[in-house]
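Student: In case it helps, the working numbering puts the sequence shown at residues 1 to 319.
Wrong hints could be hidden among the right ones.
Stated by the list, open to error - Subject to a maximum C-alpha distance of 25 Å in a straight line, what follows is the list of computed DSS-like cross-link-like pairs (lysine-lysine): (1) Lys218 with Lys309; (2) Lys56 with Lys285; (3) Lys56 with Lys255; (4) Lys55 with Lys285.
No lab work stands behind these hints: they were computed from the structure.
No experiment lies behind these values; they were computed from the predicted model shown.
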Amino acid sequence: MVDPAVDLELRHARRSTQIKEFAIQFVLVTSSLVAILTTVGIVLSLAFEAFLFFKKIPIADFLFGLEWSPQTAIRKDQVGSSGAFGVIPLLTGTLLISFIAMIVATPLGLLSAVYLAEYARRETRSVVKPLLELLAGIPTVVYGFFAALVVAPIIRATGSGAGFEISSESALAAGLVMGIMLVPFISSLSDDVINAVPQALRDASLGMGATPAETVTKVVLPAAMPGIIGSLLLAISRAIGETMIVVMAAGLAAKLSLNPLDAVTTMTVQIVTLLTGDQEFDSAKTLAAFAIALLLFILTLGLNVVALKIVDRYKKQYD
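Working from the sequences, and respecting the hints, build out all of it.
Tutor: The following block contains the structure:
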């Protein structure tokens, strides 16, 4: 027979545990709902303002227009007096600069991650990795100054000596410096993922007679590929969303060009430009910022979906 005092104490302990579990579950659910509702609120606000914009400007003109000139002219007979809201030049500039940045950051980031994880001694790793990650803590405005005052003049002087006409602000300068900025993101995340690969896989590969290089390329990297793709996705998202470097190194000119030596602009730069200063909030010029933001959100979402499919494919291959 159970002592009533002991039974009462057990009931109190069980009730206390249930209350604690309920409180923890409530906090977790609330946190999840906050994140979900915040995302839904952002999407709905962008969609609502973009809908108002498309009531003024046809969606076909926005998505397929080749000219971006949102300012309102003084006289009605001026070209573009009603504004030109073709997003193609902004999209082209965004992809061009992001592509240049990833061309620079991907090999540097991955090779440095492989070196630190597989070849560097512990003493070297303890010094090099913190120094590399210091790049991630530098404000982007500093990168912008570096691009405008150092990289752009070097590119312009080199191009002029070779007979090329290069703008004082170019997509190449912005892309190169942005690529340097992205190196620690790719390197740090890829290094952590590579180190997470079980040592038993390396030992098995080496035991079968594979060289260290073959082990890295045929065993370690395939095993770490989902995480590496995630680091590249993060870097691409950072590149697409970067503003300060583009403003200072590539300029504000919305030019439809795939020439990296030309001055171009990006979608995020135009969002900031359109919402800066005193503006009529119901004008097409201001509402265009929300349409650009919605398009940017859709592009990023599509990029995430593609990346998840790629990760799933690599997982299946490795399994």
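Student: Does the structure break any of the earlier hints, and which numbers would those be?
Tutor: Violated: none.
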